[in-house]
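S.K.: Order-wise, the sequence lines are chains Y and G.
Letter by letter, the first sequence follows residues 35 to 267 in the working numbering.
Letter by letter, the second sequence follows residues 35 to 267 in the working numbering.
Please note that the accuracy of each hint is not assured.
Chain copies aren't distinguished; within one or between two, either way the pair holds.
[As the list claims (entries may be wrong)] Straight-line Cα separation of at most 25 Å, DSS-like style, residue types lysine-lysine; simulated pairs:
id, residue 1, residue 2
1, Lys208, Lys198
2, Lys53, Lys176
3, Lys100, Lys53
4, Lys100, Lys176
5, Lys100, Lys75
6, Lys75, Lys53
7, Lys100, Lys184
8, Lys75, Lys208
9, Lys140, Lys75
10, Lys176, Lys208
11, Lys198, Lys184
12, Lys250, Lys239
13, Lys247, Lys184
Just so you know, these hints were derived from the structure itself, not from any lab.
As the structure is a computational prediction, the values presented were derived from the model and not from experiment.
Number of protein chains: 2
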Amino acid sequence: MSQVNFEEFLRDRFQIQFKNQDLLTEALTQRNYLNEHPEEKGRDYQRLEFLGDAVMQESVTEYLFKRYPNWHEGQLTEMRIAMVQTRSFAHFARVIHLDGAIRLGKGEEMNGARQRDSLLEDIWEAFIGALYLDQGADVVRKLLNETLFKAIDEHFFDQFIDFKSRLQERLQAKGTVDIEYTTDAEEELPDHTQRFTASVSVNGKHIGQGQGKSIKDAEKAAAREAMQNLDDK
Amino acid sequence: MSQVNFEEFLRDRFQIQFKNQDLLTEALTQRNYLNEHPEEKGRDYQRLEFLGDAVMQESVTEYLFKRYPNWHEGQLTEMRIAMVQTRSFAHFARVIHLDGAIRLGKGEEMNGARQRDSLLEDIWEAFIGALYLDQGADVVRKLLNETLFKAIDEHFFDQFIDFKSRLQERLQAKGTVDIEYTTDAEEELPDHTQRFTASVSVNGKHIGQGQGKSIKDAEKAAAREAMQNLDDK
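Chain Y extracted, bound-state conformation (with noise of 0.2 Å):
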């Protein structure tokens, strides 16, 4: 558990600090705590979770939709899917330092609930949520940058994607075709890491060179690159 205070990380990170706290509260609360804490009067995260899912889904909607003007649906719709689920949320709100402000009932704490990344996943998006009433979309969308739409760039949801089917799907969408990896070569690095390089052909034509600390790891890279050099066409 992370042991960095998450308020002071949001004030000195983001610049942010919640004009009303009840609101943040009530993104951080179990409904189990609540039933421990008979004389609390607020809410558990429920609600503002139902609001912060739509908030993601449009935010990220939005972004990709205008970051990526040459994309069909269809590509739109996978890199969403990559970015807007479990795992990703997960992470983020670990990064942020929210899993060490859950108010968390006592059974759910012995349980191992605060690291658990469905719990997770509902505090992201209840704080989205809270953040976008008390902040407003353009707060949203600046944190959003700085985590999610930074993490583009830094190839963190290519975990989640299987870019070797989807080149597969795309070339055969225009008929039968050929299609091969190979490994072109294979070092040992400093470290005693080896890396792996390979590339993809189709119909015996090359389309993309990648690299990974295993042949699947370059093939998928290879694939990746591939799937960028259709794009860039």
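We have chain Y already, so just place chain G on it with the hints.
M.R.: Chain G only, in chain Y's frame:
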């Protein structure tokens, strides 16, 4: 098919005039139309539909969240499902005369696609996506205020909600209960249609009453009133 000119209607009824006419054209263009008009350089509606779908989901979610501060997420979700669906969007596409404005391929036209709910849903979403890009979120909200959101007060979405099942689920969540519907009255109206009045009681206690053109409709109205009474508590 509507004989009203869509763009004139937009201007006269909602004071909306597109700055970027190409965006509106794209939202109204079906793929086969482009296949038949290779001289046209534009795109079909599918990218804008991808955007508009998310804008609709977010707009309806935010509206329901703010309008019903005491509803829990289950109630909000149920209402959103009734509002964000094919039959609903197709209905409002016809209301604003979108149906007559679609640029459709000849084959699709002959197959009656212009009156197909699934196409009208797509075109509604694409139009909302174009409106959002061209005019911004406030204008989208204004249009929805005068169409979908107003229809809540006119009980338009009630047809999509099974109030009797919902009431039963809600009452039984707290243990076994005895729910009973009784028909209180049956009248003949001046136009020779019938009007029924029904009541619903739980464990012998009256909790709602409603009227309708059939016993079934009257019981549904009674269940709806009972749900409302439970909400107001």
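S.K.: Run every hint past the structure and note whether it holds.
M.R.: Hint check:
no.: 1; hint: Lys208 to Lys198; result: within (17 Å within a copy, 51 Å between copies)
no.: 2; hint: Lys53 to Lys176; result: within (17 Å within a copy, 27 Å between copies)
no.: 3; hint: Lys100 to Lys53; result: between (31 Å within a copy, 18 Å between copies)
no.: 4; hint: Lys100 to Lys176; result: both (15 Å within a copy, 24 Å between copies)
no.: 5; hint: Lys100 to Lys75; result: between (42 Å within a copy, 19 Å between copies)
no.: 6; hint: Lys75 to Lys53; result: within (19 Å within a copy, 49 Å between copies)
no.: 7; hint: Lys100 to Lys184; result: within (15 Å within a copy, 31 Å between copies)
no.: 8; hint: Lys75 to Lys208; result: between (61 Å within a copy, 21 Å between copies)
no.: 9; hint: Lys140 to Lys75; result: within (19 Å within a copy, 62 Å between copies)
no.: 10; hint: Lys176 to Lys208; result: neither (40 Å within a copy, 44 Å between copies)
no.: 11; hint: Lys198 to Lys184; result: within (24 Å within a copy, 48 Å between copies)
no.: 12; hint: Lys250 to Lys239; result: within (21 Å within a copy, 67 Å between copies)
no.: 13; hint: Lys247 to Lys184; result: within (23 Å within a copy, 58 Å between copies)
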